[in-house]
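Student: Chain residues, written in single-letter form:
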Amino acid sequence: MKPILYVEGVNKIFGSHKEEALKLSKKGLSKNEILEKTGATCALLDVNLDVFPGETFVIIGLSGSGKSTLVRMFNRLNDPTHGKIFFKNQDLAQLNKEQLRNFRREKIAMVFQHFGLMSHRTVLRNVEYGLEIRGVGPELKKEKAMEMINLVGLTGFENSRIDQLSGGMKQRVGLARALANDPEVLLMDEPFSALDPLVKKDMQFELLKIQQKMKKTIVFITHDINEAFKLGDRVAIMKDGKVIQVDTPENMMANPADEYVTRFIEGADKTAIMSVKHVMITPTTIVFKDDGFNKVIREMRTNNVSSAYVVDEEMNFLGVVGLESAMRLKDKAATLMDLVEEVITIAPNQSVAEIIPLASQTRVPLAVVEDGKLVGIVSKASVLTLIANDVSVDHSDEELDSTLA
Amino acid sequence: MNWIYEFPFQLTIDTSAIDKGVRSFALTFDSVLRVIRQGLTTTLLTIYDLLTFIPWWVLVLIVIGLYFKQSKKIGMSLLYGGLLALIGFTGLWTLMLSTLSIVITAVILSVLFGFPFGLLLSLSERANKIMRPVLDTMQTMPVFVYLIPAMLLFGLGRVPAVMATVIYAIVPIIRLTNLGIRQVNHEIVEASRSFGATTIQTLIKVQIPQAFTTIMAGLNQTLMMAMAMVVTASMIGAPGLGMEVLISVNRIEVGRGLVSGTAIVIVAIILDRLSQGWVKPQTEEESL
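From first to last, the protein sequence lines are chains C and S.
Sequence positions in the first sequence follow this note's numbering and run 7 to 411.
Sequence positions in the second sequence follow this note's numbering and run 1352 to 1639.
The hints are simulated quantities; they were obtained by calculation from the structure and are not laboratory data.
What you were told as hints is all true, and nothing was included just to trick you.
With the C-beta cut set under 7 Å, the calculated list includes, among others, these residues of chain S facing chain C:
1. I1539
2. E1541
3. A1548
4. V1557
Distance ranges between label pairs, derived from CB positions:
5. K1480/S <-> E256/C: 52 to 60 Å
6. K43/C <-> I1387/S: 58 to 66 Å
7. P1467/S <-> S166/C: 30 to 38 Å
8. I1413/S <-> G173/C: 37 to 45 Å
9. L1437/S <-> Q170/C: 41 to 49 Å
10. A99/C <-> I1413/S: 57 to 65 Å
For each residue, glycine too, the CB sits at the ideal point set by N, CA and C.
Turn these sequences into a full structure, and let the hints guide you.
Tutor: See the structure below:
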């Protein structure tokens, strides 16, 4: 698949002595050393990225890592000092004024950390703004804007003033305004950072829901590792203007590129990122529905377990049979199927966090079933191990900063 | 050898050359100046005629109504109306209308030129840097200094008074327009640009409405400064309350000076209170 956004060797250096600063950075000097020697601030250094259509690409880093500078280059609110950024095959630096305006009007839209809403306009007129700039007629404009207001759950608030809304509602307006233009790429610069934790969760959920419907390419900026792992198909970690690692959340957890990444993801709630498929194991005791009782009992005894998973020839999961009931009823029941108990099953792509309540109640390891077939089991022990290993303290920015410094 | 306490040499500035320059300018551009003079005179007289056409009690009711609308305080509204009527009862009504016509004309001109100029300064860093000392000079230069060239270029009477008043009173509207636009939340402007708005679209749809309150504060100050200039401008023959004050000074008539001075204060207070109403933040529906 071809990337929709492609970043190639981008530097962004503020101040004079840009070339000198770049040379020093190639020699391996740190950002602060370069600032001291040349007075230039290296916001971005040799950034290479690609973002694919339809994915949610999260860029995470502490404040000052250059993530906001980077995201503003995708719609050219910032221009790189060196390097190129492509949208599909178009080099963004080559766009003239009018082409740039049209690019912004049609292809890309942005959601801002502090919402960027116009307090002199109503909710509806804010959402209409992008369409108004494009010159869309009044009826179509209103119709589209209302559609977006309904989509983000603000029905009935279209005539409210901005200062009458709560933070979460304001950002819904920001989201609706960005979506109203039907852009191919949605840039979100720390959109939920200014919201309180509960509202933040709601908004993350809302975004996932909307994304499922709209299938936009999203570039999402955050400093919250849980948010990054929750929303991101892929995550890029930035530090001091450099991209350290780009990977899926699961791979990043499994193979952190360096100490910095490891520290960063220590703060993450692993149960939310790890899915069932990462913790499931191959079931030890599988019996087929036509097996005789004695064979079933023997199976369980050799494996030293008290229950067995019953499948048919195609591995379709049928249920669980317990050792006790098998022994007690083996003379009375006609077939094994009479003894099979139905149990709750889970899917491999469910997050571990979701199955914690089930895992803590279950008598036998949970059966993982995909398309009706048994693919693995999850024991209470493996879930507990994951929780125990998870040093799930909430690292705030400052804490992380000081531990990493 | 005395250079420690005395300046070693003196520069002789040929002030007469400046005088000559202004005079020859007045002669060369006589036709242009005449058009300006005629235009201004017509405007002034139209506004004056309009004001005299309104019966005095209607004007008093308008003041009461406007102030009540914005403050909802009936007592204060009646007080301001009463004070205005008092000017009429002391026989200064026509002079006040004369003063008002000069002030209104000067404010209209100030907004007409000052507002766009303020916008220009907000958009260009260089223009802003160049103009800042110029604006400082315009505001701190003793106002009498403007009277001389105004008189030379436009003669005596209302027109040079308006010109001198504009130069003095235009500064706040320029300054606060500039400031207001610059103070608009950066993210809102960025948001507008990110949707592909042109500079003009962003200015009209976002920056000016967002800066509206500040710009109105500038207008209020411009109005007050124009009012303050009225007494000074009477020195070059502008009729009105200022002239009354000037005459009383010349004749050392304390009582007459106090009455006409009080009338000026009353007009100034009423204009200030009414224009304060614009400063209050307005929602879109109200401003439309």
